[in-house]
Amino acid sequence: MPLASLLRYFSKDLAIDLGTANTLVYAFNQGIVVREPSVVVINKLSNRIEAVGSEAKEMLGRTPGNIESIRPMKDGVIADFEVTERMLEYFIRKAHGRKMYVHPRIVIGVPSEITQVEKRAVRDSAMRAGASEVFLVEQAMMAAIGAGLKISEPSGNMIVDIGGGTTDVAVISLAGTVYSRSVRVAGNAMDTAIIQHLKRKYNLLIGERTAEQIKIELGSAYPLKEEIRMEIKGRDLVEGIPKTLSITDEEIRDALAEPVASIVEAVRMALERTPPELSADIMDKGIVLSGGGALLRNLDQRLRDETGLPVVLAEDPLASVVLGTGKVLSDIDLLRKVQIR
Amino acid sequence: MVTTEPAPSPDDGASTGKRAVRPPWDKSGPAEGGSFGEWLRRQREMREISLRDIADRTKISLRYLEAMEADRFELLPAPLFAKGFLKEYARYVGLSPDEVVNHYLAVHQPEEGTQVGDATLAAMERKRAKKGRSWTWGLFLLLAGALLLALVALLSWLVEKRGRQPSAEPPAARAAAPPAIPREAPRPAPPAVLPEAPKAPLEVSLEFTGDCWVRVGVDDKPPIEEKRVQGETLQFAAQKVVNVRLGNAAAASIQVNGFPFDFERKPGQVVELVIDLQTARALREKREAR
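Taken in sequence, the protein lines are chains B and S.
The opening residue of the first sequence carries number 1 in the numbering used here; numbering runs sequentially from there.
The opening residue of the second sequence carries number 342 in the numbering used here; numbering runs sequentially from there.
Keep in mind that the hints were calculated from the coordinates and are not lab data.
No experiment lies behind these values; they were computed from the predicted model shown.
We put the CB at the ideal spot given by N, CA and C, even for glycine.
The reader is advised that the hints may include incorrect statements.
To be verified - Label pairs and their calculated CB-CB ranges:
(1) S/Thr550 to B/Lys44: 27 to 35 Å
(2) B/Lys44 to S/Ser594: 50 to 58 Å
(3) S/Asp439 to B/Asp305: 21 to 29 Å
(4) S/Met387 to B/Lys225: 17 to 25 Å
(5) S/Ser437 to B/Leu174: 36 to 44 Å
(6) S/Asp394 to B/Pro154: 26 to 34 Å
(7) B/Met230 to S/Asp439: 53 to 61 Å
(8) S/Leu492 to B/Glu50: 30 to 38 Å
Said to hold, decoys possible - What the simulated footprint calls covered on chain B by chain S, stretch by stretch (three residues with Cβ under 8 Å from a Cβ of chain S suffice, anywhere in the stretch; the number is not a length):
(9) 225-238
(10) 299-313
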């Protein structure tokens, strides 16, 4: 360990958003250096990693028997410890551009409601991936910092970070969390809802990647001005042959009704539990949306209607968390304040 | 909706790209002039929409809407909200949200850098970054310096230690070439001794069959320490006693006055042997007895 702590001076400090869907890495003084899906493809026979990140995502659902594509993160936490470790190692090295003597200090964002065991898993896998020191911070807080909210002031801010596995709702004041809630309904749940809907209604089976594509192109939380259509391809469950189907955004809105309602419910719950002084602040400023799920069309409109509060979208919703974590990386005092143990 | 807006988008793209000194909306109403906030207000009034309508629809508080039309963006909670609220405003009034934000950035970008929250945070961050880096570098330099110092100290100590050994015999030689002398010392010994070999009562020769560290002390002279490899030999001539210490007992064989000297030879074992005139005599008697 003494060697590792010495070597950390030769490594860049990193901020990592270890997400269910995407992993982003921010290098100190450099910005975002890695922005890739959290997917690993492993050859089961040789136990060798075939691909990580974007390359691996292309292979998702298209691998032969001896090659397995794995999403090592599930619901915002580590589902496959060993694979996560290897994925992290790959990203850390990629961020440094070299293979030897990489022992950075790492700040990682985690969902607010995870257990001690899950926290430990994140810490350990980062350590084993070569970190010299690991700090854990709350994702919602990082999203708020990344979106540019003034969290250190004595004024309430509400942030809703809709990621791949979890939706984190938090009320923040004075760099502390007043209320935070994490529900395991987010982007992936929407994909699953689309798959289920098409299966039930049209007996059409589609893959995860197609479902995600549909969500991105057609998904909405509130009626759109103009109808959008899309051709989707899948396998007919009755006839067993590939089939093409044309669906509209309304159809997908129906499919997404349940996960969207869960998210709205989580926000309402947070508003209910917020102390009145902070409620007034939030009433004034409104809710800030971040995370990939925030890109769902008209989700802001829906939340505005349901809560009666102004809703603002973060500038780069996908990168909010990692940008916030990156800011914390360069501000040791703030890191001490927001670090979780 | 867009018909009422005279400035076409290509024009806007170019002007925002250049960050023109002359605000882009001025072209749309050159006679009227005015600031960004006023332009917003005119656009709204042109469509006969009241601020309260916008406030009801977008849920943005009236206070902030008024602040925006009065160009007092510093009253908004954070720069993020300025952009977000402007987009909402634009959408409701019927302007293109992106264009409005671009206009806003064209005018308020420089101020935004110093005025709004992001700025203080960014400045703080920059300061911290610099501090953090210099701190890291300082520590690194300190460490490197300490390491270098330690190395120099070690080297000088070694040189002195080596230099002291031969100095016992020729004090003058030390100054000349201290590190070279101990290396040379054992080698000239055998040739020097050879002619007077018959005279020396004790002759010890070591033959190495593998890598072995060895220390040999001849009579009262200071001992020499060396590492020998396979195939090498060492010969010593002494008057009274030879002390031999071997790092790897299995890798060496010893002859005393031409007679093989037996000792326990386990690989990797360190053995210490004292060979004196009595040993030599005992060996000869043993051989003759056979």
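Hint by hint, work out which the structure violates, then give me just those numbers in ascending order. 1, 7, 8 and 9
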